[in-house]
Amino acid sequence: MATYTINVNGKKREVDADPDTPLLWVLRDHLGLVGTKYGCGVASCGACTIHLDGSAVRSCSVPVGAIENQKITSIEGLSEKGDHPVQLAWKEHDVPQCGYCQAGQIMSASALLKKNANPTDDEIMGAMAGNICRCGTYNRINAAIKTAVKNS
Amino acid sequence: MNVKVNRRSFIQVSSLVSGGLVLGFSWGSCTRPEEVIVMPKEWFDLNGFLKIGDNGLVTIMSPNPEIGQNVKTAMPMIIAEELDVDWKNVIVEQAPLNTDLFNRQVAGGSQSIRQGWTSLRTTGATAKQMLINAAAQKWEVEASTLKAEKGFVINSAGEKLGYGELASIASGMEVPTSESVKLKDPKDFTLIGTNVSNVDIDKIITGKPLFGIDTKKEGMVYASVLRPPSFGNSLKSVNDAEARQVTGVSDVVQFGDKVAVIASNSWAAMKGKKALKAEWENGETEDTAFHDEEMMTLLNTKTDKPKREEGNVEKGFAEADEVIERIYEAPFLPHNCLEPMNFYADVRSDKVELLGPIQTPAGTRKQVADLLERPEDEVSVDMTRMGGGFGRRLYGDFALEAAEISDKIKKPVQVLFTREDDMTAGTYRPASKYKFKAGIKDGRMTSYHLVGVGYDMWGNCTRHDNFPGGAVDNYLVESHTPHTNITTGAWRAPITNFLAFAEQAFLDEVAEKCEKDPVEFRLELFEKAKSNPAGKVEYDVDKSIGVIKLAAEKSNWGKSQDGVYQGFSTYYSHNTYVAEVAEVVLENGSPKVQKVTCAIDCGIVVNPLGALNQVEGGVVDGIGHAMYADFSFENGRANHENFNTFRLIRNPEAPKVETHFVESYNDPTGLGEPTLPPAGGAIANAFAKAGKERMYKQPFIQAKGLIG
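One line per chain: the protein sequences are D and L, in this order. In terms of the UniProt record's numbering, the first sequence is residues 1 to 152. In terms of the UniProt record's numbering, the second sequence is residues 1 to 708.
The following block holds chain D by itself, in its conformation from the complex (with noise of 0.2 Å):
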């Protein structure tokens, strides 16, 4: 056990845990951002995707002693009004069913559009790839994040 400071949403937290606890855990049970979820723990369905000094990363598989200080943001963080561009995009289309895996749909979607302002359709699928929706949404996560390129 070790005490870490992290910075999560722009905030510097301190966590008590041992160094292999992925940050997923970390944030749901010792911060209690309970937003990203756990569907696989092995960085298959990115239902856990965050940023990690922006960049998409599956939290179940990062552990707490290997950050440093990058910046996490969590879907709690992504917006101060749940109002980023893929957020609106996501509620103008409807996406979700279940809703489970959407946090983790939008913040690859996030992280893509950051990198790339204007992907096409191939560079869409391709980043969201990593992303299982079990409930076949992907027809309107498609869509939600063009509405989210042209809005942005």
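Simulated from the structure, these hints should not be mistaken for laboratory data. Using N, Cα and C, we set each Cβ at its ideal position, and we do this for glycine too. Any given hint could turn out to be false.
Which bits of chain D does chain L cover? Going by a derived footprint, with three or more residues having C-beta under 8 Å, they are [what the hints assert, rightly or not]:
(1) 52 to 64
(2) 84 to 93
(3) 101 to 115
(4) 134 to 147
Taking beta-carbon pairs under 8 Å as the criterion, some of the chain D residues facing chain L (in silico) [claimed, not checked]:
(5) 10
(6) 14
(7) 15
(8) 41
(9) 42
(10) 47
(11) 75
(12) 98
(13) 123
(14) 131
Please build the complex by placing chain L on the supplied structure of chain D, with the hints as guidance.
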């Protein structure tokens, strides 16, 4: 669903919210996040489904569990329609489990809207009548001279009284009998049929706690449970010394053949479970090779009592110009809800509280009461939004585990499955095989024999009265449902999720032998069922023909561009008629499904925005599992345990889905499942058109020559 309303529930007046509270809150479709609303000082219960605030806000309870089928939006819309309240003045809450007030609080069989339709409408209309009666009393006029509109009662002079002003009087009034309450003509609907956003959309996109897995309660601990690795194994012994050394682990408890590691956080519990050293007793275990052999034997075994028999198939085959026989095979499948199974339980001496994602809260309450030997009224089960159901959450094994563990450790606990637990120790779609035989005479299918085998498939693995029953003169359907010790259960569109593919793929081959276009061939059969039926016809022929023609028209059936190959499929399930046309192109020799056109007749579409999502999801789900879902057992042990090897359909593999609803004023029918069954057949038939071999076995990806 029948609504039971007693006098007492109508006259209760509650003031749940203290005066003038301003909350940040966003409304359905037409809100911006910065909008705020003023909560009422007092709420008045008009019945178990709704309460009206003194400022005109209306809280509507959504009675059924929400698994992503969007009933939490659609069911309150039905009440709001008949109540005549502006949707922007509606707050939706998940109803508590209350079998006195609500019947069938179940998510299953695509039945929530269909079975709730009339009673939800009556509930809204009854409350509206009470508000009108209250206004009549206030104005001292006949109620029949008044009308209601968008949250107001209006008199003949055009004067208005808001529902908020009337709620207090209305809540004390006599409840009109349901016979005396008039329901709207569907042509006059103003809310039903419009696009309404998911009521939880803001919480979902901002990551607010909403799902069972998000539950945090005072004093709650986490449990990760080790279960037998194979179906048929039992626990011999366990060494928990290392598990207890894991930081955060507080206890290890054994119950039955399972061992729970209790910890202060989820990760510690999971890590502790991994550190357990268990020895297992090998009992009778089954594997896929055994299942395949047993099912093949049964496919060739006559049953004592056919499910349906018309004419004489043997005679028909003997007289046929040509006989064609094909076998179709499907594996067991896990549900893979993206939210792994979990449940919260707090077993105390005075009461037992459970909370979590469950499709069958009432049944689970009874099972927990039985397990703990407590009266049912001491047990509560509250519902959270669910990260998928697909049938898995009809079974409350995880809730029972939580109750048992909490009872043992005397603490509130959340049981959380790892993905590996979920995939290897769950319930499964039963494996099945179907053998079809058709006799062709003069270019027509005159004999049809289906034998099905499906493990523990509820006594019948067929839909013997579905099409083509009634459309073929000689018709015989037989079913075998052997037992397995692998836990099986309902999986989205039980039975038909595979049977529909098999049937529709087979009919395409028969059409080819008859030298007929697949659409024309099916239409001829339906016409025969209408004009000269062979026995009873238990589906609506006109609706069947309607969706077939609509799908053909909208997809430009038979007129696709060069290099685009179309496949057709149609199926009736959950009271809903669906036809699909898949379009496949070849990329480097491999088929890619680029588009599916779907025509669907599900009666009135309550919320087109949500309905389209269901249609699209069902098609994508059906294609994904048909294409990729590989699963088998060896010595009772599942061969896949996580998404790194088990393949689910991903974003680039999903086709564009184009949906066409048949315009209808008929009562709504099922929507969460019916578009899944035909999807596999549509793509398989398109693959054949593209020059690929016919598909007989799921997953298709394993067929030789399909790829490349």
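Hint check:
By the rule of at least three residues with a Cβ nearer than 8 Å to a Cβ of chain L, the coverage given for the region 52 to 64 of chain D is violated, with 0 such residues. Using a Cβ-Cβ cut-off of 8 Å, 3 residues of the region 84 to 93 of chain D lie near chain L, which meets the minimum of three, so the contact claim holds. Taking a C-beta to C-beta cut-off of 8 Å, the region 101 to 115 of chain D contributes 4 residues in contact with chain L, enough for the three needed, and the coverage statement holds. Under the rule that three or more residues need a Cβ within less than 8 Å of chain L, the assignment of the region 134 to 147 of chain D holds, with 9 such residues.
Because the beta carbon of residue 10/D sits about 15 Å from the nearest beta carbon in chain L, more than 8 Å, this interface hint is broken. At a threshold of 8 Å, the smallest CB-CB gap from residue 14/D to chain L is about 16 Å, leaving the interface hint violated. Checking residue 15/D against chain L: minimum C-beta separation of about 11 Å lies over 8 Å; hint violated. Given hint, residue 41/D at the interface with chain L, holds; its Cβ is 6 Å from that chain's nearest Cβ, closer than 8 Å.
Residue-level restraint check for residue 42/D holds (minimum Cβ-Cβ distance to chain L is 5 Å; threshold 8 Å). Below 8 Å, beta-carbon pairs count as interface contacts, and residue 47/D has one with chain L at about 6 Å; its hint therefore holds. Taking 8 Å as the C-beta cut-off, the interface hint given for residue 75/D holds, the closest approach to chain L being about 3 Å. With 8 Å as the threshold, the beta carbon of residue 98/D comes within range of chain L, its nearest partner Cβ sitting at about 3 Å, so the hint holds.
With its C-beta approaching chain L no nearer than about 11 Å, residue 123/D sits outside the 8 Å limit, and its interface hint is violated. Because the beta carbon of residue 131/D sits about 7 Å from the nearest beta carbon in chain L, less than 8 Å, this interface hint is met.
Violated hints for the displayed structure, listed by number in ascending order: 1, 5, 6, 7 and 13.
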